[in-house]
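Protein chains in written order, with this note's numbering: chain Z, 1 to 67; chain A, 1 to 371; chain C, 1 to 352.
No wet-lab data here; the hints were simulated from the structure. Here the structure is a predicted model, which means the values were calculated and not measured. Careful, some of the hints might be misleading.
To be verified - The calculated label-pair distances, taken between Cβ atoms and stated as ranges, are:
no. : chain 1 : residue 1 : chain 2 : residue 2 : range
1   : C       : Gly200    : A       : Pro26     : 52 to 60 Å
2   : C       : Thr107    : Z       : Gln25     : 18 to 26 Å
3   : A       : Pro306    : C       : Thr23     : 17 to 25 Å
Glycine is no exception: its CB is placed at the ideal position from the N, C-alpha and C atoms.
Each chain, written out:
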Amino acid sequence: MSCAADTHCITCSDEGVPMRVLDVQPDGLARCEAEGAESDVMIDLVGPLAIGDNVLVHAGVALARLA
Amino acid sequence: MKYVDEYRDAELGRVLAGEIVATVEPGREYKIMEVCGGHTHTIYKYGVDDLLPANVELVHGPGCPVCVIPMGRVDDAIAVAHIPGVIFTCFGDMMRVPGGSGTLLDAKARGADVRMVYSPLDALRIARENPDREVVFFAVGFETTAPSTALTLKRAKAEGTRNFSCFSNHVTIVPPLRALLESPDLRLDGFIGPGHVSTVVGARPFEFIPADYGKPVVISGFEPLDLLQSVYMVLRQLVEGRCEVENQYARVVPADGNPAALRVLEEVFELRPHFEWRGLGFISHSGLKLSEAYAELDAELRFEIPGVRVADPKACQCGEVLKGVIKPWECKVFGTACTPERPIGTCMVSSEGACAAYYNYGRFAREREVV
Amino acid sequence: MREHEALALIERVRARPAKFKDTQITMAHGAGGKATQTLVAGLFLPAFGGQALRELGDAGVVEDLALTTDSFVVKPIRFPGGSIGELAVNGTVNDLAVAGARPLALTLSFVLEEGLSADDLRAEVEAIAAAAAAAGVEIVAGDTKVVERGSCDSMYVTTTGLGRLDPRATLSTGSLKPGDKILVSGPIGEHGTAVMLARGEFELEAPVESDTRSLWPAVDALLDAAGPSLRCLRDATRGGVASALNELAQASSVAMVVREAAVPVRPPVVGACEILGIDPMYVANEGVLVAFVAPEAAADALAALASAPGCEAAAEIGEVKTEPPGMVLVETAFGGRRVMDLLVGDPLPRIC
Chain Z
1 MSCAADTHCI TCSDEGVPMR VLDVQPDGLA RCEAEGAESD VMIDLVGPLA IGDNVLVHAG
61 VALARLA
Chain A
1 MKYVDEYRDA ELGRVLAGEI VATVEPGREY KIMEVCGGHT HTIYKYGVDD LLPANVELVH
61 GPGCPVCVIP MGRVDDAIAV AHIPGVIFTC FGDMMRVPGG SGTLLDAKAR GADVRMVYSP
121 LDALRIAREN PDREVVFFAV GFETTAPSTA LTLKRAKAEG TRNFSCFSNH VTIVPPLRAL
181 LESPDLRLDG FIGPGHVSTV VGARPFEFIP ADYGKPVVIS GFEPLDLLQS VYMVLRQLVE
241 GRCEVENQYA RVVPADGNPA ALRVLEEVFE LRPHFEWRGL GFISHSGLKL SEAYAELDAE
301 LRFEIPGVRV ADPKACQCGE VLKGVIKPWE CKVFGTACTP ERPIGTCMVS SEGACAAYYN
361 YGRFAREREV V
Chain C
1 MREHEALALI ERVRARPAKF KDTQITMAHG AGGKATQTLV AGLFLPAFGG QALRELGDAG
61 VVEDLALTTD SFVVKPIRFP GGSIGELAVN GTVNDLAVAG ARPLALTLSF VLEEGLSADD
121 LRAEVEAIAA AAAAAGVEIV AGDTKVVERG SCDSMYVTTT GLGRLDPRAT LSTGSLKPGD
181 KILVSGPIGE HGTAVMLARG EFELEAPVES DTRSLWPAVD ALLDAAGPSL RCLRDATRGG
241 VASALNELAQ ASSVAMVVRE AAVPVRPPVV GACEILGIDP MYVANEGVLV AFVAPEAAAD
301 ALAALASAPG CEAAAEIGEV KTEPPGMVLV ETAFGGRRVM DLLVGDPLPR IC
């Protein structure tokens, strides 16, 4: 049996959130969403993106494309 | 969520659990370490180890980059937070880690302006919105999180934001693993490799584990099915006498990692000669500090940082718990000098640490299938 | 030491009465979790805890009357789905309702910050009037104080609520029995998430609104359908459903098992909480209650609950067990189990 903390910092524990690209902005940012929650993500590290692409996001950065 | 639901299939989980039982040799003990804090969290959140037979044990590794920060560095952070005019920003978990005399949360209660952020970009925005204050970002995390700090520092430099600086406590994944593996009394049979660190560094940096130390490694995704499948893959290697790095998370992790991320890390950071890990001592080339080119954004150069080293109490046996040598209750200070309310080492600091978990819930060990 | 010695030591430490040893108050003391509990049990109860207070119910019972008090310090004072004034009325009404008391009257006390705009105050006053009318309660007394700029955040509101115990109600925090079913009245995590997003501290937007509402219609329906089979009710405010369940598990010395897949949560709340690294079970609600019903009345109780406004998604989420006492366990969708403990820190400060 194990426990789960009431919160755990997903940044500290290396978790990534899959997000979908809604809009690509000029300054290396993209508006992305996960189940309706939207935020701006730095996309400098994953090459050119199109609306509808899926990326893995950690601490506000897209680290990888998802197929 | 599309990606996430497919992998949470309980039915498949039961099938895999059956395969695991069929694979293991009766009477043989298997100890597998998962390194990454995110994996520990999945195991806890979904109760993954409930589906494993009694002779397969998951040992929780030093994968919480927050908990391994030594007390002296937390004290340094608190000292900076108390400098008049400073807005001190950090991730959530960092607020509760105790230094020599309290946490950042305590410092906030005493009047320091400590604010939680979810990304270093939030901290940079606070700096832009408060031009008359000095904003410091407490950077923690492995190579997964370092790119975020690096990109933010690049942006800060490019836009000329002067009232922003970074107190870097980033660490790298390979040195602590090597330090663990170097111990003669190590009792681990295999590793679940970190999932998202590998999106940055790739699978190749872990090849030294089978090559130099003869232990199998399976890089795993974060869904409970991923973890169960990865455990199965490690066990299969052990039973079949194979020893290599396998990538269960190939759908996300490229063999060579993310070259753009590695380039930006190289530009913004450099390796410290050594860095202290709570409960594990000094490990060479395991910590990142800002490079020459970014020195103007380095909080350690901008502010007077006490830099006092607070030694781990001699009684701390976190190293042995992490290596699987002793169980939490076998540590001399478990439950007495070291409790979740007053933790000494990393295994008790994090609610996901082996000792904290056992302290709170150990008496409810469930009945497992005995093989 | 040996394993059984370590476990015995831990049991001894746990069994000791709570001692309040902190040297200063931190935000954790206001979160509704472990620190709050230690404060109440270790400082308040020993000083002035009589029999009524020691029940630690949402309202205190004196003869056939129920009395409750609440302070509202939410920041910002207006957020999607509501405002501090609405919270003040509904929150107080709900504390009475879940104690099985028909809400009768409220008192209202304002602490206003110097410089607060009259329009902002007017808006809250109108919100309070509307909420009170909707909930069927009269505001019978009040007080107003003003403090210097910076001494409070726009406004703080404190209320006292008075209700009369409904003759159909036989509710008590210590009355839970193994086999009792656990019901929740609607989707969880909405209020706390909405307020966090409204604070604008993080670059995160989601279509989430506070669920603030009066729960008296829901309680009325439950009392009608289940009567004496209704053991206990709790409104799941600070600390969320997880805290409510933990408090009651301790009060009745029972265990609880919750089926995670059965708990109603809307996708935008799941998404926002996932990004913030927060478990919706710990997020505050302002219009959700948990109910404990004897098994034979559970189906009728659920049907009645689902007929109340805002409770269409009501669901049965688990049941009460014997062992281990005081613990709440979650059966995960994956087939494993985990313990859902009392909140330790303060993930979402100043949300009510």
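Results of checking the hints against the structure:
In this structure the supplied range 52 to 60 Å holds for Gly200/C paired with Pro26/A, their Cβ-Cβ distance being about 58 Å. The beta-carbon spacing between Thr107/C and Gln25/Z, approximately 51 Å, falls outside the hinted interval of 18 to 26 Å. The given range of 17 to 25 Å is respected by Pro306/A and Thr23/C, whose C-beta atoms sit roughly 22 Å from each other.
Checked against the numbered hints given earlier, the structure breaks only hint 2 and satisfies all the rest.
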